[in-house]
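Following the hints, put chain B in place on chain A, whose structure we already have.
If you're matching them up, the sequences are chains A and B in order.
Oh and the first sequence: position 89 is 1104 in my numbering, straight run, nothing missing.
Oh and the second sequence: position 45 is 76 in my numbering, straight run, nothing missing.
Hints in this document: simulated from the structure, not taken from any laboratory.
These numbers come from a predicted model, not from an experiment.
Each residue gets a CB set at the ideal place from its N, CA and C atoms; glycine is no exception.
Be a bit skeptical, because a hint or two may be false.
Only pairs whose alpha carbons sit at most 20 Å apart, straight line, appear in this in silico DMTMM-like list of lysine to aspartate or glutamate [unchecked claim]:
{"no.": "1", "chain 1": "A", "residue 1": "Lys1072", "chain 2": "B", "residue 2": "Glu32"}
{"no.": "2", "chain 1": "B", "residue 1": "Lys88", "chain 2": "A", "residue 2": "Asp1116"}
{"no.": "3", "chain 1": "B", "residue 1": "Lys110", "chain 2": "B", "residue 2": "Glu86"}
{"no.": "4", "chain 1": "B", "residue 1": "Lys88", "chain 2": "B", "residue 2": "Glu101"}
{"no.": "5", "chain 1": "B", "residue 1": "Lys73", "chain 2": "B", "residue 2": "Glu101"}
{"no.": "6", "chain 1": "B", "residue 1": "Lys99", "chain 2": "B", "residue 2": "Glu48"}
{"no.": "7", "chain 1": "B", "residue 1": "Lys110", "chain 2": "B", "residue 2": "Asp70"}
{"no.": "8", "chain 1": "A", "residue 1": "Lys1072", "chain 2": "B", "residue 2": "Glu112"}
{"no.": "9", "chain 1": "B", "residue 1": "Lys94", "chain 2": "B", "residue 2": "Glu32"}
One side only, chain A facing chain B, incomplete, derived with CB under 8 Å [said to hold, decoys possible]:
{"no.": "10", "residue": "Ser1046"}
{"no.": "11", "residue": "Leu1058"}
{"no.": "12", "residue": "Glu1063"}
{"no.": "13", "residue": "Phe1084"}
{"no.": "14", "residue": "Asp1116"}
So the derived label-pair ranges between C-beta atoms look like this [claimed, not checked]:
{"no.": "15", "chain 1": "A", "residue 1": "Ser1085", "chain 2": "B", "residue 2": "Ala41", "range": "40 to 46 Å"}
{"no.": "16", "chain 1": "A", "residue 1": "Thr1035", "chain 2": "B", "residue 2": "His105", "range": "25 to 31 Å"}
{"no.": "17", "chain 1": "A", "residue 1": "Gly1055", "chain 2": "B", "residue 2": "Leu143", "range": "26 to 32 Å"}
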Amino acid sequence: KAGVTQTPRYLIKTRGQQVTLSCSPISGHRSVSWYQQTPGQGLQFLFEYFSETQRNKGNFPGRFSGRQFSNSRSEMNVSTLELGDSALYLCASSLLGASTDTQYFGPGTRLTVL
Amino acid sequence: EDQVTQSPEALRLQEGESSSLNCSYTVSGLRGLFWYRQDPGKGPEFLFTLYSAGEEKEKERLKATLTKKESFLHITAPKPEDSATYLCAVQGASSGSARQLTFGSGTQLTVLP
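Isolated chain A, as found in the complex (with noise of 0.2 Å):
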């Protein structure tokens, strides 16, 4: 069975641009939640969708939005790109979108902006 898979894995911005990052879930799985991971503050919670709608939202501005579709396919979209959104960007799905249910992680998008 096939992982988690983002695309692209690698990126690279200017201040002020806006970028898109795609997040396929394992197959039959519904949930997809966003991370973002620095080296300063670590793993931080950007955002849940089950079902096309998004359940819950982290501590992080409005540039930071994101969607689901109905093939469970998710993109989180960050706009006015700034230096310290430079980061992994992880996306993880698990099956039923329980709070009980294990999270599988994807490789991830490295973001880097000049």
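Chain B alone, transformed into the frame defined by chain A:
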């Protein structure tokens, strides 16, 4: 607010030298405690889920245990390929039905041959 503290931040072991990693947590209504392994430049790889105090799980050289306040990841006779960052995360009741893990900062383990 859920909180997770991992110690030590870094650990260097000789091959075959057993040790334990600690994960202390504060959470309102623990739904699950998760251990992941992360290699440089890669996403976290799932290891274990623990749901209630007293629970233990094992996989090869790793054993995870859970109490009401902390979890331990015991590594028995480690090998160099066990070198990685080990992350602990909790899912609490405060996030309702949503999947939202709170992570610790991790323990960077280096096993020397």
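For the pair threonine 1035 of chain A and histidine 105 of chain B, does the Cβ-Cβ distance stay inside 25 to 31 Å?
-> violated (42 Å)
Between lysine 99 of chain B and glutamate 48 of chain B, is the straight-line Cα distance small enough, at 20 Å or below?
-> violated (28 Å)
Supplied contact hint for aspartate 1116 of chain A, tested at 8 Å Cβ to chain B | holds (7 Å)
Restraint check, 8 Å cut-off on beta carbons, for leucine 1058 of chain A near chain B | With a closest approach of 4 Å, the leucine 1058 of chain A hint holds.
Interface hint outcome for serine 1046 of chain A [beta carbon to chain B under 8 Å] | holds (5 Å)
So the hint says 40 to 46 Å: do the beta-carbon atoms of serine 1085 of chain A and alanine 41 of chain B match that?
-> holds (45 Å)
CA of lysine 1072 of chain A to CA of glutamate 32 of chain B, is that 20 Å or under?
-> holds (14 Å)
Can the restraint linking lysine 88 of chain B and glutamate 101 of chain B be considered satisfied, given a maximum Cα separation of 20 Å?
-> holds (15 Å)
When you check the alpha-carbon spacing of lysine 110 of chain B and glutamate 86 of chain B, does it fall within 20 Å?
-> The given pair, whose Cα atoms are some 25 Å apart, is violated under the 20 Å limit.
Do the alpha carbons of lysine 94 of chain B and glutamate 32 of chain B lie within 20 Å of each other, as the hint requires?
-> The given pair, whose Cα atoms are some 28 Å apart, is violated under the 20 Å limit.
Interface restraint verdict for glutamate 1063 of chain A against chain B (beta-carbon cut-off 8 Å) | holds (5 Å)
If you draw a straight line from the CA of lysine 110 of chain B to the CA of aspartate 70 of chain B, is it 20 Å or shorter?
-> holds (15 Å)
In this structure, the earlier hints numbered 3, 5, 6, 8, 9, 13 and 16 are contradicted, and the remaining ones agree with it.
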